[in-house]
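Let chain A serve as the given structure and place chain B on it in line with the hints.
Single-letter residue listing:
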Amino acid sequence: MSRVRLLVGTHKGAFVLNADGARKDWTISSPFFAGWEVYHMKGSPADPDRIYASQTSGWSGQVMQRSDDGGDTWQAVGNKFAYDGVPGTHQWYDGTPHPWEFKRVWHIEPSLSCPDTVYAGVEDAALFRSSDGGQTWQELAGLRQHGTGPAWQPGAGGMCLHTILLDPTNPERIVIAISAAGAFRSDDGGQSWRPINRGLRSQFIPNPTAEVGHCVHHIARHPSRPDTLFMQKHWDVMRSDDAGDSWREVSGNLPTDFGFAIDVHAHEPETVYVVPIKSDSEHFPLDGQLKVYRSRTGGEEWEPLTKGLPQSHCYVNVLRDAMAVDSLDSCGIYFGTTGGQVYGSTDGGDSWQAIARDLPAVLSVEAQTMP
Amino acid sequence: MSRVVRVELPAHLCVLAGLGREVEVSVEGAVTQRAILDALEAKYPVLQGTIRDHTSGLRRPFLRFFACEQDLSHDSPDDAVPDAVAEGREPFLIIAAIAGG
Numbered sequence: 001m002s003r004v005r006l007l008v009g010t011h012k013g014a015f016v017l018n019a020d021g022a023r024k025d026w027t028i029s030s031p032f033f034a035g036w037e038v039y040h041m042k043g044s045p046a047d048p049d050r051i052y053a054s055q056t057s058g059w060s061g062q063v064m065q066r067s068d069d070g071g072d073t074w075q076a077v078g079n080k081f082a083y084d085g086v087p088g089t090h091q092w093y094d095g096t097p098h099p100w101e102f103k104r105v106w107h108i109e110p111s112l113s114c115p116d117t118v119y120a121g122v123e124d125a126a127l128f129r130s131s132d133g134g135q136t137w138q139e140l141a142g143l144r145q146h147g148t149g150p151a152w153q154p155g156a157g158g159m160c161l162h163t164i165l166l167d168p169t170n171p172e173r174i175v176i177a178i179s180a181a182g183a184f185r186s187d188d189g190g191q192s193w194r195p196i197n198r199g200l201r202s203q204f205i206p207n208p209t210a211e212v213g214h215c216v217h218h219i220a221r222h223p224s225r226p227d228t229l230f231m232q233k234h235w236d237v238m239r240s241d242d243a244g245d246s247w248r249e250v251s252g253n254l255p256t257d258f259g260f261a262i263d264v265h266a267h268e269p270e271t272v273y274v275v276p277i278k279s280d281s282e283h284f285p286l287d288g289q290l291k292v293y294r295s296r297t298g299g300e301e302w303e304p305l306t307k308g309l310p311q312s313h314c315y316v317n318v319l320r321d322a323m324a325v326d327s328l329d330s331c332g333i334y335f336g337t338t339g340g341q342v343y344g345s346t347d348g349g350d351s352w353q354a355i356a357r358d359l360p361a362v363l364s365v366e367a368q369t370m371p
Numbered sequence: 372m373s374r375v376v377r378v379e380l381p382a383h384l385c386v387l388a389g390l391g392r393e394v395e396v397s398v399e400g401a402v403t404q405r406a407i408l409d410a411l412e413a414k415y416p417v418l419q420g421t422i423r424d425h426t427s428g429l430r431r432p433f434l435r436f437f438a439c440e441q442d443l444s445h446d447s448p449d450d451a452v453p454d455a456v457a458e459g460r461e462p463f464l465i466i467a468a469i470a471g472g
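Residue numbers (our numbering), protein chains in the order written: chain A, 1 to 371; chain B, 372 to 472.
Mixed in with the good hints, there may be bad ones.
[Stated by the list, open to error] Derived SDA-like pairs: lysine to any residue, alpha-carbon spacing no greater than 25 Å straight-line:
hint, chain 1, residue 1, chain 2, residue 2
1, A, K80, B, S444
2, A, K80, B, G428
3, A, K103, A, A141
4, A, K12, A, G339
5, A, K103, B, A451
6, A, K103, B, R435
7, B, K414, A, D329
8, A, K12, B, R374
9, B, K414, B, S427
10, A, K12, B, I469
In short, the hints are calculated from the structure, not lab data.
Excised from the complex, chain A in its bound form:
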């Protein structure tokens, strides 16, 4: 029988949750890397028992972990992320030049075909790749050095590279996103890059339609339509149908188009999920009611999903990497909150149940569908 494994990174450790295909009864592991922030964990599509985790702390910096047995045991792998050459400067919050400094790994993206190849998106923004199972990391410096880097600036959470999308139909194409610089694409396996932000509009930068400077929060897509991208920006939900060459707003009837998480149904490429958040200063849902919004039309028309979610006195946030889908016949949707809850739906979002209620603040959720 199929089963689902959730990889939950939190403010104070990592948790592995398992359930059979019914997804009603979940086992929750004891915390791994207890006391450390786990920004992200992700399994290899080529070998689901190969999982990578980013473990970080203010005291001792970055540690990378790897499991070869589905998260039961872990070994520390390489944690040296050295920028290529003299890294130069980006903009600081006050607009002054600030030297690039490695801080942490925000997002891990294993190769679609090779368990030993994995990408890491880091703060200060850069993309690294390992070809030896995480033992050593090399920067794909063409991103940081393509020319716009000195104009990038940190968002409130830091200047992080948080989204890495590998194209299942074109191994040379990679899309990444940085807060607050925007989205970028490579069509040659990560050697050269260009901004793909045409159509984005951001009032917080001097030129709202500038080539870079946009605070992209997350991008998602369906693997069968790699050129269709859905973006949750600082404000605005956006859509591209040409791999990011151009974007149009699809916020439609959302009650607020601020938010962090966005994801796409596993079997319906036009079904998209977001969690609207009141504003960029109030990082909680409108009216204390936690609602996922679903569009079955690829944006513009959105419906609130509330069954099983708290509808009063709820003031949690759902962070950018904290939503995931499984690929069982009835698609499962999962998200974690800064209040330590993990919610799941086995009916495409029509109803929800709390899988975990009292974890540390959830930073990331990934779902693995096991045969």
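Same frame as chain A, now just chain B:
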């Protein structure tokens, strides 16, 4: 000449490395902070980058080095540590700041 130096680790690094609170390392030549940390990282590679920044080689800001009731954090990494540490009578303490949440 090789000396055995005692090093006390903060709790989170004990867990990371699977070690007890105090470990012993052999230091060749002059016993300095740099020599102690080089020996520690060579014996326990998982600690590389967690005490000193990989690139700059500098002590991480939220860790401090104490010994013999002295704060050695701002000494040169190439200064000799107190004799009691070099002779193994006192541990070299790596302390995590009371910080964070």
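Evaluation of the provided hints:
Distance restraint check for A/K80 and B/S444: the Cα-Cα separation of roughly 23 Å lies within the 25 Å cut-off, and the hinted pair is therefore satisfied. About 12 Å separates the Cα atoms of A/K80 and B/G428, which keeps this hinted pair within 25 Å; it holds. At roughly 17 Å between alpha-carbon atoms, A/K103 and A/A141 fall within 25 Å of each other, so this suggested pair holds. Straight-line distance between C-alpha atoms of A/K12 and A/G339 comes to about 13 Å, which keeps the hinted pair within the 25 Å bound.
Distance restraint check for A/K103 and B/A451: the Cα-Cα separation of roughly 31 Å exceeds the 25 Å cut-off, and the hinted pair is therefore not satisfied. As the CA atoms of A/K103 and B/R435 are separated by approximately 19 Å, the hinted pair is consistent with the 25 Å bound. The hinted pair formed by B/K414 and A/D329 fails the criterion: a straight-line CA distance of about 50 Å is larger than 25 Å. Taken as a hint, the A/K12 and B/R374 pair is broken in the structure, with Cα atoms around 38 Å apart against an allowance of 25 Å.
Our distance criterion of 25 Å between C-alpha atoms is met by B/K414 and B/S427, whose separation comes to about 21 Å. A C-alpha spacing of about 16 Å is found between A/K12 and B/I469, which places the hinted pair at or below 25 Å, so the restraint holds.
Going down the numbered hints, you'll see the structure goes against 5, 7 and 8, while the others check out.
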